[in-house]
Structure formats: C-alpha cells, structure tokens
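A.B. asks: Sequence:
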Amino acid sequence: MHMTLIGQDVPALLPTLLTDLLFAGKETNARVTAAEPNPAMRDLLEGYGKAVFRKAGLPEEGFRAEEDREKALEGADCVIYAGDCQPSSRFDMDRSALMSDDEENDPGLSDQARVNGGLGGLLHALRAGEEALNLCDVMDRVCPNALVISLGQPAARVTAVFLNRGYRCFGLGRSPLKGANGLDTLAKRMKLDPDRVTAEIAGLPGFAFLLGMKDGRKDVTPRLRTAVKNGELGNLAKRWMGWWDAIPVGDVTDHAEFLPAQPDYIPEERPAFGESVERRRERILWMNTVREKGAEDREGAMAQLLLLSKAPPIRPMRLALALLRKETAVLPAVIRRNGNAGPGGPRALAGLPAEAVIEAELRLEEGCEVPSNLRLPEALTDILIQVDEANRLAARAAGGDLTALRQCVEEDPALEGLDRLYCMDVVKAMIAMHRDVLPRLADLIPDAEEEPEAEKEDEGDNHVSG
8 MHMTLIGQDV PALLPTLLTD LLFAGKETNA RVTAAEPNPA MRDLLEGYGK
58 AVFRKAGLPE EGFRAEEDRE KALEGADCVI YAGDCQPSSR FDMDRSALMS
108 DDEENDPGLS DQARVNGGLG GLLHALRAGE EALNLCDVMD RVCPNALVIS
158 LGQPAARVTA VFLNRGYRCF GLGRSPLKGA NGLDTLAKRM KLDPDRVTAE
208 IAGLPGFAFL LGMKDGRKDV TPRLRTAVKN GELGNLAKRW MGWWDAIPVG
258 DVTDHAEFLP AQPDYIPEER PAFGESVERR RERILWMNTV REKGAEDREG
308 AMAQLLLLSK APPIRPMRLA LALLRKETAV LPAVIRRNGN AGPGGPRALA
358 GLPAEAVIEA ELRLEEGCEV PSNLRLPEAL TDILIQVDEA NRLAARAAGG
408 DLTALRQCVE EDPALEGLDR LYCMDVVKAM IAMHRDVLPR LADLIPDAEE
458 EPEAEKEDEG DNHVSG
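Count the sequence shown with the numbering used here and you get residues 8 to 473, in order.
Since the hints were made in silico from the structure, they are not lab data. Check each hint, because a few of them may be wrong.
Subject to a maximum C-alpha distance of 25 angstroms in a straight line, what follows is the list of computed BS3-like cross-link-like pairs (lysine-lysine) [unchecked claim]:
| id | residue 1 | residue 2 |
| --- | --- | --- |
| 1 | 300 | 317 |
| 2 | 236 | 33 |
| 3 | 245 | 300 |
| 4 | 221 | 245 |
| 5 | 236 | 300 |
| 6 | 245 | 195 |
| 7 | 185 | 195 |
| 8 | 317 | 245 |
| 9 | 317 | 33 |
| 10 | 185 | 245 |
| 11 | 245 | 225 |
| 12 | 236 | 185 |
| 13 | 198 | 225 |
| 14 | 185 | 221 |
| 15 | 225 | 195 |
| 16 | 300 | 333 |
| 17 | 198 | 221 |
| 18 | 236 | 221 |
| 19 | 236 | 198 |
| 20 | 195 | 317 |
| 21 | 333 | 33 |
| 22 | 185 | 317 |
| 23 | 333 | 317 |
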C-alpha cells in the first residue's frame, strides 16, 4: 500500500498519519512517500519517518521524502493532499483589492475580504484550485487510479476540483466536533460528558448543522434549542435557528463567510494560516529529537508523545485505510459527493442534488458507503442548495470555465444586495492581480491581459479601483 503525502501541512500531520497507519492501523505492507521541495525539511521528514518505521518493526526504507513530485506520486494507491498554496500575502492582496483608505477609489467591499466565502473566498478557491489541478496533471500520468483524501481549503471547493477531474475523492475540513460551537463545547456548556454525547450533524463543509443531540439514550435536543433561543450560544446561532430550524455547529464564523453581511460578524483582518512560528519551532525540535534519538529511546518517546498531543484533530489516514481496506466503519464529518451510490441511487442528504459536495457522517460497509438519505428542514435545504451551487461553480471556474465564474458571481448568496456586474469587474481585476498563479483564467479574460489603468498609475498600491 503506497501512500503519498503532499502539501505544506504534511509536516504537522505526519506524527498522526504514521501512528494511524503503522500502530492503530497495523499496516505491515505500508510504503509512505512525502513530497517536500525544501532540502532541510526533506532531511528532517525522512529521518523522522524512518525512526517511526523502525519503532513499528518495519524496514526504514518504507519511508522516504522526495523532492520530485512525480517520483513521489508514482504508483500511489492514495494521495493525501494537505496543500493550500496561499501565503498570507495573497490574502493581504485580496483585502487591499476589496477595500481602500482612499474614499474616492474604495470599492466598498470590505465585508467580502473573507477566506472561504464571498469574493475573497472565490479568489482563494481559484488559486487553490489551480494548485490542485497542477497536482492532477501529474497524477494523470503516474497514478490515475489513486484515491484522494483532500484537506485543502476551501474544503468543499477543492474537493469538487478533484471530483471534477474524475478522481475518487473524500475530504476533511475544520471539524464541526471542535471549535467555539463544536459538539464538544456544546456538551460542556450543557454540563454533559462529551464522551456520552452523540449528535446528528450534516450540511456542507464549513456550513454544518446539528439536527439532534443525545446524552446516552436521552434526547437533549429540546434543552439545547432552548439555550439557543435564549441567546446562550450567541446571536448568530439564535438568528439562524430561527431561519433554518437547525443549530449551526463548529465555528459559526465559518458559516457567516457563505452568507450576506451579518450584523454580528466582521471578517478577521489578519486570519491565522497554518502553524505559528513558535509552534513550528517546537515541532521541528521534537521531530529532530525522534530522528536523532530514535522512537525507542526515552527522550525520543517523550518527544513523540508531545508531537501527538499537539497534532491537528483531523485523522485523514483513518479515512484512507477504511476506504482502501474496504472496512466497515462510521466516520464523522466526511466531505464527499452526495450521490456516491450512483445516478438515481439513495443520497446521504435527501433534497440536495446528487452532485452536491456535502459534509456528514460516513457509514461504510466493506468500504462502500451506506447512504443515510437524511431529511433536513426545508428552509435549511434551500440555503444548502444555494451555497453548494456557489461552491461547485467556483470549482469549475478554477478549471478555466468562464461561464461558471460569471454564474458564481451572479448566484452566490454571499453577494446578496451587491451589484453583481460591479462584483464581476472586481473579480476580473483581482484575477489580473494574481495572474502569476492563475494562468488558466488570466489568459482567458481579456481584461486580465494587462493591468487595469488605475493600477498602472499607482504601482505601489494593490487595491482595485472602483
């Protein structure tokens, strides 16, 4: 079983990836290749990975770090993609384009400076989609039948890019089980033991809702709904339960990104991306300790425990093994196509199109999905259809589909109340601004062939003129 790991988040995920593969999963025929262009990081990953393989009693040759992406992917059974090509400077450029200190040239779109939704989220999806498509170009040559587990953001849109290219793809995003309104937090607020609590959670990536909650066998949904109505979980949750008869779960600021401007939500000016510098230094120190001392050594074992304790909560290797080994399993909050059972077959979420990219519990029997055909409140279904349509249009646009790009701007519910033609002009100017990483679109849009005149006049400013 050959697993290829690609993306800048792989180093942070590697401890849990290998633990789930070699120890929890007990996979004795594993080969793991990490694609890493940086020589120093490549040496660190290879030394660390070989030490963990030795600890598992397997030949250390089972792990290697490879500079060449094509060599890393060759013959892969599964590709775990943990990539997001965005340095924070790209989002700073987006923000500058959508707002300005100059009132005369201010496009008036500061609320759209978002990471996953609205105009900012659309540009993020186009850039991330370009990177995913470049990966697909290589995979088409060397591992065309590989399973893809995507952790890329925006989660729904990057997963859709892989699906559009014909890959069997499942995704994992920011878990609705964690966060300010995550399931664990809701349980603690209600003074319940999180280990006893179960819930029915479904929706879209970053836009999931809690439909029911039990403490053991006792239904505590009415009690939770009362708390929401009383404003105990915030104004956003209270408003949306009134609109859609369901409780937003996970980080509610994620939900707000896919909606028109909300009076209780202001997009973050400086959203955090990836690890902090301090956290990265710690991780490198601990991985170096495992590499130098070995995982069997007392000091190395302690460093490994620290790495696992600080690892992100998502577990992509568990999902990959369940699918590849055709296991019977139940996995929470998995992103996939709604109609995986095939045309005309049952769906995970009734009322949504078969091609919708959803997030919900995944039930497998011998590796095949057992669709739940879960019925959602009618009003919730309506908004899910709108957000999903915008997500899939953005994914198609990333592949160079100009019609899909226009439709996305015309139909995205996050742009409600805005002049859509004006928004389209802004999107074109932003594509021109990012033309170095958006060749598929920049070469197709006439307005993107050269910088707008307003930008030429003031080359020191990144904002888009209104």
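A.B. asks: Find the hints from earlier in the document that the structure breaks and name them by number, from lowest to highest.
C.D. replies: 2, 3, 5, 8, 16, 23
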